[in-house]
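Residue numbering for the sequence shown follows the working numbering, beginning at 680 and increasing consecutively.
Worth flagging that the hints you see were computed from the coordinates, not collected in a lab.
Remember, predicted model here, so these are calculated numbers, not experimental data.
Virtual Cβ for every residue (Gly too), placed ideally from N, Cα, C.
Warning: the hint list may mix true and false statements.
[Stated by the list, open to error] Computed spacing ranges between beta-carbons, pair by pair:
(1) GLU766 with LEU845: 29 to 35 Å
(2) LEU863 with ILE828: 20 to 26 Å
(3) ASN763 with GLU861: 42 to 48 Å
(4) HIS865 with ALA762: 42 to 48 Å
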Amino acid sequence: AGAAAVAAPVPHGAPASIVLGDRAAMATDGSDLGRALAALLEALAAPPLALRVELEVPPGCGLGASAAAAVAAARAVLARLEANPPEPEPPATTARVLAAAAAWERVFHGNPSGIDAAAAAHGGVLLFRRATGHEALRLRAPLPLSVAIAGPPASTRAMVEAVSELQRRRPDLVDGALRGIEGLVHDARRHLLAHDLSALGGAL
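Given these sequences and hints, build the entire structure.
As structure tokens, then:
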């Protein structure tokens, strides 16, 4: 919706070597996973390939599992297509990975912001704005995180569509909430850079 956000990767994700969790798919089978794989391969101009992506985070819990899988899959495809890929990954390759991940994510989420894929692709703590991309935040010390997963999986697509509908009906309400979010994100960025974890926890 245009507001800034802060994202931090967790030290687990989706190492790629498409089996996704307990789901398997082919690009031609018509399933969401199959359509996502087809979109990713098309974005990379890749031939049919066998991929395996093993998720280390549960899907549907707001931890960016789908984006992590997409980034891992895109990098695995490019590693297969390119002989002796350079290290570290050049910006042009990262841009291709993000474009392919976006194609994958659109299948599942409709209109993704790109923040999850950016966090998965770049690592580190990011300030992200859809219109301008990401800014790496250089922290003074590692950021400890505690992640609790509660409740059943939820649909990001349904949530995004509900917010869009609410913004159509009540733009004043949504715009006010976005201004509040923007202020919290500004505070969170300041606390992160100062490594003031107590103040960061209060903002959260």
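*asked:* Are any of the numbered hints broken by this structure? If so, which, sorted upward?
replied: 1
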